[in-house]
Amino acid sequence: DGGITQSPKYLFRKEGQNVTLSCEQNLNHDAMYWYRQDPGQGLRLIYYSQIVNDFQKGDIAEGYSVSREKKESFPLTVTSAQKNPTAFYLCASSIYRLNQPQHFGDGTRLSIL
Amino acid sequence: QKEVEQDPGPLSVPEGAIVSLNCTYSNSAFQYFMWYRQYSRKGPELLMYTYSSGNKEDGRFTAQVDKSSKYISLFIRDSQPSDSATYLCATWMDSSYKLIFGSGTRLLVRP
Numbered sequence: 006d007g008g009i010t011q012s013p014k015y016l017f018r019k020e021g022q023n024v025t026l027s028c029e030q031n032l033n034h035d036a037m038y039w040y041r042q043d044p045g046q047g048l049r050l051i052y053y054s055q056i057v058n059d060f061q062k063g064d065i066a067e068g069y070s071v072s073r074e075k076k077e078s079f080p081l082t083v084t085s086a087q088k089n090p091t092a093f094y095l096c097a098s099s100i101y102r103l104n105q106p107q108h109f110g111d112g113t114r115l116s117i118l
Numbered sequence: 369q370k371e372v373e374q375d376p377g378p379l380s381v382p383e384g385a386i387v388s389l390n391c392t393y394s395n396s397a398f399q400y401f402m403w404y405r406q407y408s409r410k411g412p413e414l415l416m417y418t419y420s421s422g423n424k425e426d427g428r429f430t431a432q433v434d435k436s437s438k439y440i441s442l443f444i445r446d447s448q449p450s451d452s453a454t455y456l457c458a459t460w461m462d463s464s465y466k467l468i469f470g471s472g473t474r475l476l477v478r479p
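So the protein sequences, as listed, match chains E and L.
Heads up, the first sequence is in the working numbering, so the first residue is 6 and it goes up one at a time.
Heads up, the second sequence is in the working numbering, so the first residue is 369 and it goes up one at a time.
Do not take every clue at face value.
Claimed, not checked - Over the 10 Å line for every Cβ pair with chain L, so calculated as not near, a few chain E residues: (1) I9; (2) N31; (3) G45; (4) R73; (5) T84; (6) Q107.
Stated by the list, open to error - The calculated lysine-lysine pairs, modelled on DSSO-like cross-linking and capped at a C-alpha distance of 27 Å, are: (7) K19(E) / K410(L); (8) K88(E) / K410(L); (9) K62(E) / K424(L); (10) K62(E) / K370(L); (11) K88(E) / K435(L); (12) K435(L) / K370(L); (13) K76(E) / K466(L); (14) K75(E) / K410(L); (15) K14(E) / K410(L); (16) K19(E) / K88(E); (17) K424(L) / K435(L).
Hints are computed from structural coordinates only; laboratory data are not their basis.
In this text, a Cβ means the ideal position worked out from N, Cα and C, and glycines have one as well.
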C-alpha cells in the first residue's frame, strides 16, 4: 500500500538537543511538506520541497532545518534554536502540479523533557 | 483577520443527525477547497476536494462552496459515532503551492 510513514510516533527532546523527525513516502510524489499543529491553531507550514535538492521556507521555518537528498525522504530537524518545539508534526506529499491535494502521514508528537 | 476561519466547536449531535460544518474565507482569489478529517493522534485524511462554486457529493458527505459569500460547508447525512473527529477546511490560491488551513471543528456524534 502506498503512503507516508512518519517516525517515531513520539519523541522527547532535552534542552539544547537537536532531534530529527523522519518522513518517507512511496507515492512517487515530487512535492513534500512539513507542518506543525498546535491546539486551536490549525496547521502551519514549516518547509516544503518541490523537487530533490531544493526546498523553501514556509511561514514558521525559524529553528528548523530540512534536507531533500532523495525523492522519497524529507527529514525535519528541530534544532535547539526552536524555543517552543512541543507540538504535533505532520509530513505531507503531493503531485508536483498546482492545486493537487496533499496527503498526510500520521504525525510525530514532540515533547520537551 | 485570518484567511480561513472555522468555529472550533465542539459540535455535539445525536447519531443519525445531519451535520453542517462551515468555513469562511477572506480572499476572493481562493478557488480550490478541501475538507480533511482528522482523528485523534492521526494525520488529516482528505475527504472532499472542490473547485469554484457549487456542490459535490460523495456518499453521506456533501461539500458546498458559495463564492459570492466566501462560505464553504460540509454536510454529513446520517451521522455515525465513527464520524467523531476534527474537520479541517483548506484552500489555496491558483498559482500557489501553499495550503491555508482553518483551525478545525471538533465533531462529536453521540450514540
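Evaluated hints:
Not every Cβ of chain L is farther than 10 Å from the Cβ of I9(E); the closest lies at roughly 8 Å, contradicting the non-interface assignment. Residue-level check passed: N31(E) sits 16 Å from the nearest beta carbon of chain L, beyond 10 Å. For G45(E), the condition that its CB be more than 10 Å from all CB atoms of chain L is violated, with the nearest at approximately 6 Å. Even its closest Cβ contact with chain L, about 14 Å, leaves R73(E) beyond 10 Å, as expected for a residue assigned away from the interface.
Even its closest Cβ contact with chain L, about 23 Å, leaves T84(E) beyond 10 Å, as expected for a residue assigned away from the interface. With a closest Cβ-Cβ approach of about 6 Å to chain L, Q107(E) is found to fall inside the 10 Å limit, against its non-interface label. Between the alpha carbons of K19(E) and K410(L) the distance comes to roughly 25 Å, so the proposed pair stays at or under 27 Å and holds. For the suggested pair K88(E) and K410(L), the alpha carbons sit about 25 Å apart, so the restraint of at most 27 Å is met.
Distance hint between K62(E) and K424(L) is unfulfilled; the C-alpha atoms sit about 34 Å from each other, more than 27 Å. For a cut-off of 27 Å, the pair hint linking K62(E) to K370(L) stands: about 20 Å separates their Cα positions. With a C-alpha separation of about 40 Å, the suggested pairing of K88(E) with K435(L) is violated against the 27 Å cut-off. With a C-alpha separation of about 17 Å, the suggested pair K435(L) and K370(L) falls inside the 27 Å cut-off, and the hint holds.
With a CA separation close to 19 Å, the supplied pair K76(E) and K466(L) stays within the 27 Å bound. For the given pair, K75(E) sits about 25 Å from K410(L) by alpha-carbon distance, which is consistent with the 27 Å threshold. Distance hint between K14(E) and K410(L) is fulfilled; the C-alpha atoms sit about 10 Å from each other, no more than 27 Å. Proximity of K19(E) to K88(E) is assessed by CA-CA distance (about 11 Å); at most 27 Å being required, the pair is judged to hold.
Our distance criterion of 27 Å between C-alpha atoms is met by K424(L) and K435(L), whose separation comes to about 14 Å.
Of the numbered hints listed earlier, those contradicted by the structure are 1, 3, 6, 9 and 11.
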